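**Student:** Sequence:
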Amino acid sequence: RLFHECTESWYWWGDEYCDNVNYKAAWNYTRWYFNEKSGLKNILYVYAPAKVSETEWQAYTNWYPGTDQVDIIGFDRYAYVKAYNDYVKADCEVACGFALSEGKPC
-1 RLFHECTESW
9 YWWGDEYCDN
19 VNYKAAWNYT
29 RWYFNEKSGL
39 KNILYVYAPA
49 KVSETEWQAY
59 TNWYPGTDQV
69 DIIGFDRYAY
79 VKAYNDYVKA
89 DCEVACGFAL
99 SEGKPC
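Residues -1 to 104, numbered by our numbering, are exactly what the sequence shown covers, in order.
No wet-lab data here; the hints were simulated from the structure.
One should not assume that every hint holds.
Below, in silico cross-link-like pairs of lysine-lysine (DSBU-like), each with a Cα-Cα straight-line distance of 30 angstroms or less [stated by the list, open to error]:
| no. | residue 1 | residue 2 |
| --- | --- | --- |
| 1 | K39 | K22 |
| 2 | K87 | K102 |
| 3 | K22 | K80 |
| 4 | K80 | K35 |
| 5 | K39 | K102 |
| 6 | K102 | K22 |
| 7 | K22 | K35 |
It should be emphasised that the depicted structure is a prediction, and the values quoted were computed from it without experimental measurement.
Kindly generate the complete structure, drawing on both the sequences and the hints.
**Tutor:** If you want it as structure tokens, here you go:
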């Protein structure tokens, strides 16, 4: 889960502290560094923005590093118990729909 939860702002790579251009550049550089510079070929890269049913455009149009840079589509969700099931179901529908369109597992 490289640079996860980019659609929130609690990390330096989140939407309040970083823009989508620099986020993608950091993702792509890190992947290049691990794979090409360091020779690590056994890493799967999981793209996991937060709350994708609420941030779909931001997550999958604005911040997505690219089909060639991501192996698995995921998401993160934090919520109170009463709302959690509904939120996760909505997030699964959005994330897996996007994953299907990109030919990726969800």
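**Student:** Work down the list of hints and note, for each, if the structure agrees.
**Tutor:** Taking the hints in turn, this is what the structure says about them:
Taking the CA atoms of K39 and K22, the gap is about 20 angstroms. The hint holds against a cut of 30 angstroms. The hinted pair formed by K87 and K102 meets the criterion: a straight-line CA distance of about 19 angstroms does not exceed 30 angstroms. Under the criterion of a C-alpha separation no larger than 30 angstroms, the hint pairing K22 with K80 is inconsistent with the structure, at around 35 angstroms. Distance hint between K80 and K35 is unfulfilled; the C-alpha atoms sit about 46 angstroms from each other, more than 30 angstroms.
For the hint linking K39 to K102, the alpha-carbon distance of about 18 angstroms falls within 30 angstroms, and the restraint holds. As the CA atoms of K102 and K22 are separated by approximately 18 angstroms, the hinted pair is consistent with the 30 angstroms bound. Under the criterion of a C-alpha separation no larger than 30 angstroms, the hint pairing K22 with K35 is consistent with the structure, at around 18 angstroms.
Of the numbered hints given earlier, the model fails hints 3 and 4; all others are met.
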